[in-house]
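Put together the whole structure using the sequences plus the hints.
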Amino acid sequence: MTPLKIELKTSPHLKQAGSVEQIMRHVTYALLPICAFSVYHFGISALALMITATVTCVLTEHLFAKLSGKRTSVSDFSAVITGLLLALTLPPSFPLWMAALSGFIGISLAKVMFGGMGYNLFNPALVGRAFAQAAFPVSVSTWTVPGHPDRFTEFLPSTLAMPFTTPAPVDAWTAATPLAQWKFDGIHADAWSLFTGMTPGSVGETSAILILLCGLYLIARGMMNWRIPAAVLGSAFVTASVFYWMDPAFYPTPWFVLLSGGLMLGAMFMASDMVASPITRSGIWIYGILIGFLAVIIRFFGGLPEGIMYAILLGNAVAPLIERITQPRPYGSRKRRDAA
Amino acid sequence: MGILSFLTGLTFPRGVHPPGLKEDTRGKPIRRLPFAPRMVIPLQQHFGRPSRPLVLKHQEVLRGQPIAEADGFESVTLHAPVTGVVEGIELMPTARGPKTESILIRTAPGDSQAIHWSRPRDLERLNRPQLIQAIQEIGLVGQGGAAFPTHMKLSVPDGFDIDTLVINGCECEPYLSADHRIMLEQTDAVIVGIRIAMKAVGATRAVIGVEDDKPDAIEALQARLDKEGPISVGKVRSKYPQGSEKMLIKALLKREVPSGHFPYHIGVVVNNVGTMAQLGTLLPRGEGLVERVVTVAGPGITRPGNYRVPIGTPLRYLLQHVGFTGSDASHIILGGPMMGNTVSSLDVPVTKGVSGVVVLPDPEAEDTRMQPCIRCGRCVEACPVGLNPSDLGKLAAVRQYEVMEERYHLNDCFECGCCSYVCPSNIPLVQYFRIAKSLNRERLK
Chain A
1 MTPLKIELKT SPHLKQAGSV EQIMRHVTYA LLPICAFSVY HFGISALALM ITATVTCVLT
61 EHLFAKLSGK RTSVSDFSAV ITGLLLALTL PPSFPLWMAA LSGFIGISLA KVMFGGMGYN
121 LFNPALVGRA FAQAAFPVSV STWTVPGHPD RFTEFLPSTL AMPFTTPAPV DAWTAATPLA
181 QWKFDGIHAD AWSLFTGMTP GSVGETSAIL ILLCGLYLIA RGMMNWRIPA AVLGSAFVTA
241 SVFYWMDPAF YPTPWFVLLS GGLMLGAMFM ASDMVASPIT RSGIWIYGIL IGFLAVIIRF
301 FGGLPEGIMY AILLGNAVAP LIERITQPRP YGSRKRRDAA
Chain B
1001 MGILSFLTGL TFPRGVHPPG LKEDTRGKPI RRLPFAPRMV IPLQQHFGRP SRPLVLKHQE
1061 VLRGQPIAEA DGFESVTLHA PVTGVVEGIE LMPTARGPKT ESILIRTAPG DSQAIHWSRP
1121 RDLERLNRPQ LIQAIQEIGL VGQGGAAFPT HMKLSVPDGF DIDTLVINGC ECEPYLSADH
1181 RIMLEQTDAV IVGIRIAMKA VGATRAVIGV EDDKPDAIEA LQARLDKEGP ISVGKVRSKY
1241 PQGSEKMLIK ALLKREVPSG HFPYHIGVVV NNVGTMAQLG TLLPRGEGLV ERVVTVAGPG
1301 ITRPGNYRVP IGTPLRYLLQ HVGFTGSDAS HIILGGPMMG NTVSSLDVPV TKGVSGVVVL
1361 PDPEAEDTRM QPCIRCGRCV EACPVGLNPS DLGKLAAVRQ YEVMEERYHL NDCFECGCCS
1421 YVCPSNIPLV QYFRIAKSLN RERLK
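Protein chains in written order, with the numbering used here: chain A, 1 to 340; chain B, 1001 to 1445.
Take these hints with a grain of salt, some might be off.
Sample of chain A residues facing chain B (criterion: CB under 7 Å; computed from the structure) [claimed, not checked]:
#1 Lys9
#2 Ser19
#3 Val275
#4 Ile298
Treat the hints as calculated values from the structure; they're not laboratory data. For every residue, glycine included, the Cβ atom is placed at its ideal position computed from N, Cα and C.
So this is what it looks like as structure tokens:
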């Protein structure tokens, strides 16, 4: 026998295929069809918005890794996801400088300050979006006509606004979202256009069917917990059904609630953020049901037409508490473990 | 998954599905390994106290002759695996880590496979204590890997009634197929062993749990069993760690062993099919345990298969025989790859508890860089005990070992490794838990 090098290692000696980087890469892949549709839908402004947000998020992550003398963590794709998700939740005409600032705030405030990947309490993309909502209320609620003939050749007037200026809406390009039309004018969009996505709205939220398919891809690959979107959407549907049953003339149909606005995108790609959601099985159901319920309540009774963002952020906030009361029951013991 | 379990066989909640990797060995009959020129028989190769040697240097011994006696109840007899001359009793490397006193025997050239020493007994006339003693004297220990003395396992403390004997024929570890071959080739011996064990514990029925990836074994057993008889076969789902004692009880009987207790507290005793085959073969003849079936497999093994290996055969000899070239860096695992330990030297012998020798290529070739926990929850979905490995891992990283034990049920972890197996962040969870447990034990001393 030739000289032998023996490795010592403790069990298990086998490892299931899969890594953090692989999961994040697949989430990115799953977002790409949605991104492509939004470019088709809204043109080069949407593309510029996605590139700006993604580049800012990646650079912010890299910058803070360098500042703290750590190995850069941009290769794990999680900052790319944050950037893409942030862009997908913004209006197509959102000024790029505002998107960059929101991305910076999302990564730095919600992720880096909490300790980087795996430690963020809130979804960084949504924190960035919440910042945009608070700081730029006009730009964040100015919507664009989809499928404008000049969309591939011209930027929307507000996209290239100078930093630290707020552009005024240009009427030729603006339109109201189905949610806003319902909320402020009492107009109900038909379910089919919501399903396919041929409506005004945030960059990536309009096509329910596309988001659904992309989410199903991740679920099929075992990279997303199906229980979260199922719980969010199911709970939103049930809550909306109750209101619709009480006053069908005023409240929209549950299908409208399910397919309009950011509910589908939020349920599939943001509520399901592994880091900021509970880890236990029953905890996941509670978390999802809570988000779906809150989203509908905020939509129906709040000042804004959409509520999914705050619903998810509230869900993130209580996730640790939910997890604490839903620990699994260990084998051979009657009660659940008394968690810290 | 929970709903489907009703359709696809009995099982316990959660767990993982590692690849079987048994194709290279499970179809091949068990073959005999020749005697190595020198055998190393550690005095402690079982759970409990080391055996006391009965032989002296230069003494001639016969294959099957007792060479060490049990030192009290928590110990077993050892028998010479070959006819030959005792070279001495020396400290030798073993799989347990520290060097252990071992009897070295130089094999007599031209020795036959015959057993030259036996003490047959009329099993019908033995009462339970006599039966237990007879089992101790054949040197039987659990063949599944833990090497817990079988007579101890079959001695039920006063005040406990055993209703069911559970026989573990799951073999849920990847690569291993020794139990599978034993169920096929030694079916009668397995059943005889089960009858003896049922008598020893006073059980009225026995259930053999076999995973559904071994339909031929299930068929072979059922063909020899009376449908209405006390022994039945329970088809369980192929899932790791189905073969763990507590998980198998849950799968077959829907009972849970209370935390910190033993199966006999709920009227159950669990034994491995390999142990039953040895019991059924050896006890009626009154022979000692001198060999066992070992699966030798893994990339780099030219002739993988199941071998009947004399106890005390050094790994070097075994691996040479199966065509292991040893040119690459490897890790050599005793047992299966999920729970087995690597050895540091090829001088380590095959002992009574070694169910497999698996040689895997250089682990450094894989990317094993640790990443932060992304709370994907795969470990929580995998842990068969229902612990929260994610939280436990975070506590271990900040050395909160006492909190882990007091509030997070650390001591219920039986180190199956499912959490580490699934973790996409490469966090060495079960390794953390082993360290935490051993430091907690140290603290109590």
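Quick rundown of the hints versus the structure:
no., hint, result
1, Lys9, "holds, 5 Å"
2, Ser19, "holds, 5 Å"
3, Val275, "holds, 5 Å"
4, Ile298, "violated, 26 Å"
Of the numbered hints stated above, the single one contradicted by the structure is hint 4.
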